[in-house]
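Chains A and B supply the protein sequences, listed in that same order.
The opening residue of the first sequence carries number 0 in numbering that gives the first Met the number 0; numbering runs sequentially from there.
The opening residue of the second sequence carries number 0 in numbering that gives the first Met the number 0; numbering runs sequentially from there.
Derived from the structure by calculation, the hints contain no laboratory data.
Warning: the hint list may mix true and false statements.
Heads up, simulated DSS-like pairs for lysine-lysine below, C-alpha to C-alpha not over 25 Å straight-line [said to hold, decoys possible]: (1) A:K68 to A:K21; (2) A:K64 to A:K54; (3) A:K64 to A:K46; (4) A:K21 to B:K171; (5) B:K74 to A:K64; (6) A:K130 to B:K171; (7) A:K46 to B:K171; (8) A:K130 to B:K59; (9) B:K171 to B:K126; (10) B:K171 to A:K68; (11) B:K154 to B:K74; (12) A:K46 to A:K68; (13) B:K59 to B:K74; (14) B:K154 to A:K68; (15) A:K130 to A:K68.
DEER-style ranges, computed between Cβ atoms [as the list claims (entries may be wrong)]: (16) B:L55 to A:F69: 38 to 46 Å; (17) A:E146 to B:S151: 41 to 49 Å; (18) B:L55 to A:E102: 51 to 59 Å; (19) A:E102 to B:N84: 33 to 41 Å; (20) B:A57 to A:E146: 43 to 51 Å; (21) B:A159 to A:T7: 50 to 58 Å; (22) B:E77 to A:D95: 48 to 56 Å; (23) A:E2 to B:R83: 51 to 59 Å.
Don't be surprised by glycine CBs; every beta carbon is placed ideally from N, CA and C.
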Amino acid sequence: MNERSPGTEPVECEEITYRALKKGWDKGEPIPSEAFMRRVREPEPEKAVSLSRRKYVTARECRLKLRRKFGTASLHVGRVRALSFGLDIAPDPLRDDRGAIIEPGHCLLINLPDPVTDSEGAEFAASQLVKIARYITPNQEEQEHRERGGSV
Amino acid sequence: MSRMSLKDSTAGTYQPNLFSSTMEQGSLPAELLKRTSSLDSDKVTQPARWWSSWTLPAAKESFLAFCTEVLQYNKVDEDDQIARNARDAALAIAESAYSRAPNRWRSPRVATDGGGGVRLTWKLGEKELRAVFPADARRMQYLYLERGDWHSMIKNFTAATLCSQFDWLLSKR
């Protein structure tokens, strides 16, 4: 039997993914554009933006995974793919030193424009993603966490 | 016109002797030291009110709060640090823009590009203005303007250009 390990299966259009957010504008504009831009690193920017798959991770778990995260935004995978940039979301489960999957919900937002060589494209793509992203309010986060019996 | 020097600002707060005689020297450093960098009061939740009821003292307050936030940023966010040259470039342009037109100054949202660069964002309604100062001095700083699906970019911008974009942001066009 050739069963896929959890997290290696393709990300379906119906799936929801989460992105942990830094401090936003205010309560009315909580999702900053840089949430959906590749981070500038030397010698070249990171290849993709990390997301978490809702089927494995709650919004709270996503938010608390990294320090000093202020909230979470959700992205509907189908809507991301429908944008005109060729954007996609691919599975990228994290593994330990021995190759065992330790974070099946990790996935990547790929094909984002390079923020160094195509700054304008990267800014515009980020704006389009902000428009389709939905901020998860503390109440929604709490409700989901309760319903799914999250671990955090 | 009040002028503020950016040199020797590595300690994270402005020093009294860096301010000109026209800028209430005695009160400013203490005033700055008392600030936190969260600046919630500087980003009120009703943009219309924020942009319309504006006075020069409020602009000065806002500008000083912005400077403090930039200077304190690395103490608040240990994961995303601002590089010194990006910080200095951002403060220099902002200072010059504020000096040219203090009544048009509004505090931006401050963030990094993940690699030491500074990202400043102003937003009003559907208009958004982003000023990006890369950490790598070989890369050009740029302004990104957006309104709905329209967008534009200005590379290697000056303070005068930033001021004119404040006009665009504030205008009803």
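Checked hints:
Distance hint between A:K68 and A:K21 is fulfilled; the C-alpha atoms sit about 5 Å from each other, no more than 25 Å. Restraint check for A:K64 and A:K54: satisfied, since their Cα atoms lie roughly 16 Å apart, inside the 25 Å limit. Under the criterion of a C-alpha separation no larger than 25 Å, the hint pairing A:K64 with A:K46 is consistent with the structure, at around 20 Å. This hinted pair does not check out: A:K21 and B:K171 have alpha carbons roughly 31 Å apart, beyond 25 Å.
The suggested pairing of B:K74 with A:K64 holds, with an alpha-carbon distance near 21 Å, which does not exceed 25 Å. Pair hint A:K130 plus B:K171 holds up; C-alpha atoms about 22 Å apart against a cutoff of 25 Å. As the CA atoms of A:K46 and B:K171 are separated by approximately 39 Å, the hinted pair breaks the 25 Å bound. The straight-line distance between the Cα atoms of A:K130 and B:K59 is roughly 33 Å, outside the 25 Å bound, and the hint therefore fails.
For the hint linking B:K171 to B:K126, the alpha-carbon distance of about 10 Å falls within 25 Å, and the restraint holds. Distance hint between B:K171 and A:K68 is unfulfilled; the C-alpha atoms sit about 35 Å from each other, more than 25 Å. A hinted pair counts as satisfied when its Cα atoms are at most 25 Å apart, and B:K154 with B:K74 does not qualify at roughly 30 Å. At roughly 21 Å between alpha-carbon atoms, A:K46 and A:K68 fall within 25 Å of each other, so this suggested pair holds.
About 23 Å separates the Cα atoms of B:K59 and B:K74, which keeps this hinted pair within 25 Å; it holds. Of the pairs offered as hints, the one joining B:K154 and A:K68 is violated, with about 31 Å between alpha carbons and a cut-off of 25 Å exceeded. Of the supplied pair hints, the one linking A:K130 and A:K68 holds, its CA atoms being roughly 20 Å apart against a limit of 25 Å. The hinted window of 38 to 46 Å between B:L55 and A:F69 is violated, with their beta carbons roughly 32 Å apart.
Our hint of 41 to 49 Å for A:E146 and B:S151 holds, since their Cβ atoms are close to 45 Å apart. One distance hint, 51 to 59 Å for the beta-carbon pair B:L55 and A:E102, holds here, with the actual separation near 52 Å. Checked against the hint of 33 to 41 Å, the pair A:E102 and B:N84 passes, with Cβ atoms roughly 36 Å apart. Roughly 45 Å separates the CB atoms of B:A57 and A:E146, a value that falls within the hinted 43 to 51 Å.
Restraint check, B:A159 to A:T7: a C-beta distance of roughly 54 Å satisfies the suggested window 50 to 58 Å. At roughly 25 Å, the beta-carbon separation of B:E77 and A:D95 lies outside the given 48 to 56 Å, and the hint is violated. With their beta carbons about 52 Å apart, A:E2 and B:R83 fall inside the hinted range of 51 to 59 Å.
Hints 4, 7, 8, 10, 11, 14, 16 and 22 from the list above are not met by this structure, while the remaining hints are.
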